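As you go down the protein sequences, you meet chains V and Z in turn. If you're matching positions, the first sequence starts at 1 in the working numbering and goes up one per residue. If you're matching positions, the second sequence starts at 1 in the working numbering and goes up one per residue.
Incorrect hints may have been included.
Sample of chain Z residues with no beta-carbon within 10 Å of chain V, all distances over it, derived [what the hints assert, rightly or not]:
#	residue
1	Val13
2	Ala16
3	Ser27
4	Ser33
5	Arg59
6	Leu74
7	Ala84
Calculated lysine-lysine pairs in the BS3-like style (CA-CA distance at most 30 Å, straight line) [claimed, not checked]:
#	chain 1	residue 1	chain 2	residue 2
8	V	Lys52	V	Lys30
9	Z	Lys103	V	Lys30
10	V	Lys13	Z	Lys103
11	Z	Lys103	Z	Lys81
12	V	Lys52	V	Lys13
Calculated from the structure, these hints are not laboratory results. The structure presented is a predicted model; accordingly, all values stated were derived computationally and were not measured. Backbone N, C-alpha and C define an ideal beta-carbon position, used for all residues, glycine too.
Listed below are the residues making up each chain.
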Amino acid sequence: DAGVTQSPTHLIKTRGQQVTLRCSPISGHKSVSWYQQVLGQGPQFIFQYYEKEERGRGNFPDRFSARQFPNYSSELNVNALLLGDSALYLCASSLVLAGGGEQFFGPGTRLTVL
Amino acid sequence: GQSLEQPSEVTAVEGAIVQINCTYQTSGFYGLSWYQQHDGGAPTFLSYNGLDGLEETGRFSSFLSRSDSYGYLLLQELQMKDSASYFCAVRSNQAGTALIFGKGTTLSVSS
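With the hints as extra help, turn the sequences into a complete structure.
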């Protein structure tokens, strides 16, 4: 079975631009979460979606938005990019909304903002 | 808020045993998880403790004491491939299964 997939793998943007990152969860997984990981830090929670509804949001500005589609894939959008948005963006899927903490992570999208 | 503390670095030699500690602060607790991340890779799930005690999975074990807000990951018979970052995590109060991670512990295993 395919794991979580993300696209693109790498992306270079300039300040002020907008970016869209994509994620496909493991087949059958209805929950998708997005995380930002800055070098040397742990992943930081951005959003969680379940059954196409936002179920949680971390402490990120409104420049960050996301959505989940009927096939459970998801997009993360970031507007008005800042240098500090440079990071690895991880998508994780899980079978259910609650449970034992196991999430399955994709390989991430490395975003560089110049 | 929610926060986790873990050592930033640990070094060990092949065949040794190493323990990575994690203390947490959270207003609602739903268990402690551990993830491994190799350089350039995705975090992968290692273990979960929902109740006090020890969970064993092969060479790795994880322990939880809810009264002490403390847990640890124990890695035995260390191998070079265990060199990676290890993160403890608790479920977020803000969303279902979303996780709040510690800053990670970099484990370096030498021969």
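Run the C-beta distances from serine 27(Z) to all of chain V and say if the shortest one exceeds 10 Å.
Holds, because the least Cβ-Cβ distance between serine 27(Z) and chain V comes to about 15 Å, which exceeds 10 Å.
With d taken as the least Cβ-Cβ distance between valine 13(Z) and chain V, does d exceed 10 Å?
The claim stands: valine 13(Z) keeps its Cβ more than 10 Å from every Cβ of chain V (closest is about 24 Å).
Claimed clearance of chain V by serine 33(Z), with the beta carbon kept past 10 Å:
violated (4 Å)
For a C-alpha distance cap of 30 Å, please report whether lysine 13(V) and lysine 103(Z) respect it.
Measuring from Cα to Cα gives roughly 27 Å; hence the hint holds.
Over 10 Å from every CB of chain V: does alanine 16(Z) meet that, or does the non-interface label fail?
holds (25 Å)
Pair hint lysine 103(Z) and lysine 81(Z), alpha-carbon separation not exceeding 30 Å
holds (21 Å)
For the pair we were handed, lysine 52(V) and lysine 30(V), check the Cα-Cα distance against 30 Å.
Holds. Lysine 52(V) to lysine 30(V) sits at ~8 Å (cutoff 30 Å).
Claimed clearance of chain V by leucine 74(Z), with the beta carbon kept past 10 Å:
holds (18 Å)
Is the Cα-Cα distance between lysine 103(Z) and lysine 30(V) 30 Å or less?
holds (28 Å)
Taking 30 Å as the top limit, are the C-alpha atoms of lysine 52(V) and lysine 13(V) close enough?
holds (28 Å)
10 Å cut-off, C-beta based - alanine 84(Z) kept clear of every residue in chain V
Per Cβ check, alanine 84(Z) is outside 10 Å of chain V; nearest 13 Å; holds.
Examine each Cβ of chain V, and state whether all of them lie more than 10 Å from the Cβ of arginine 59(Z).
Non-interface label stands for arginine 59(Z): nearest chain V Cβ at 19 Å, farther than 10 Å.
In terms of the numbered hints stated before, the structure departs from hint 4 and from no other.
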